[in-house]
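Peer 1: The residues making up each chain are set out below.
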Amino acid sequence: MSERSKTISRLLNHLDARISYINAKLSVVVPSKIKALRLRSNMPRQSDLARAANMQQSRISMFETPGAANMTVETLARIAAAFRVGLIIDFVPFSRMLDWENNYSQDTFDVIKIDNDMAFLNPAAAGVMQIGGYLPLSNAMGAGCRSETIGSNAGATSNMGQRLQRATGMEHEPIQKMNGEQIDGREKRAA
Amino acid sequence: MQNHKNVILFIEPRYWSFFDYVDGGGNRIEEWCSGLSMEAKDRFDTLLKNTRKISNHLLWGGFKFLKGKPKEERIWQLDFIADNKQYRLLGVFGSVRKTAVIILGCFHKGDIYTPHDALKTASKRAKELREGRATIHERTVQDDI
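As you go down the protein sequences, you meet chains A and B in turn.
Remember, the working numbering sits 5 above the position in the first sequence when you count from 1.
Remember, the working numbering sits 217 above the position in the second sequence when you count from 1.
Keep in mind that the hints were calculated from the coordinates and are not lab data.
Quick reminder that beta carbons are idealized off the backbone N, C-alpha and C, glycines included.
Just so you know, nobody snuck in bad clues.
Quick list of in silico lysine-lysine cross-link-like pairs, DSSO-like style, CA-CA up to 27 Å:
id	chain 1	residue 1	chain 2	residue 2
1	A	K38	B	K315
2	A	K30	B	K302
3	B	K270	A	K38
4	B	K281	A	K30
5	B	K337	B	K284
6	A	K38	B	K281
7	B	K258	A	K11
Calculated from the model, a selection of chain B residues having no Cβ within reach of chain A, i.e. all distances over 12 Å:
id	residue
8	E248
9	F282
10	I292
11	R314
12	K344
13	E355
With the hints as constraints, model all of the structure from the sequences given.
Peer 2: Okay, structure coming up:
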């Protein structure tokens, strides 16, 4: 039995295994994202970010250490606000969580700040779809679409279909194959 | 030809590769891993999977060079927390770019390490690697789970 099969079996059958799996991803990727945003911001020192977020520097240090802090939604919102970016917390299929992890790279992760987020500040003038903060798709979705800034890296073009679905509000609706069979997030791309 | 410079071109690997320390007794890192709780093992795997994508090792989460060790050893530590314990991976960089060898896994509370002789053992293993008395085995990182 392969390592993957063992893990899948564990995840299918045990609540604790699913909790551990989800926590592992979050406890590594979220601290890494905080670090990436800090280093790309105009407050590259932990103490600068701490000041902007009204927190102790030691807490910022903890937030950047994998697994060191149990961050509440309130704390994450505070950090996002200090970075002048938004925050999405969402329930997703495991396949999408895996994509989220695999498509993430600390080396390339960045998010448009509210000051430069024209699609938010002035969507009519911006006239573009802004996805992932990197990939302007002019005319892709037509007028009236809400812009979306998703925390992900620039190279993640492979899940563009999913992003477009998210932007159009179809995120949680099942997609039907031609024969009417429902498919999950992983199969969507293949289809 | 006077200004010609010899340039050795090499391809920069996209990701880091992690290797386990192996001696006559077997793969010591795999042995350590097999004794970890599910939570610690999941975090260990996820940590390596994501850390290998960060080009500059100084930006790895929880990375430091071990204090108080001779410079030639250059043993680094990578910290993570699971089961309310502070785990620490100790390692050295390989001679090939973007390769790192994990020489020991342990956890600690302050200066008290489990196993208690972790730092001494790490130094010994680093030396054995330098002298070619130990080998390494590449750690498989699974992207599909």
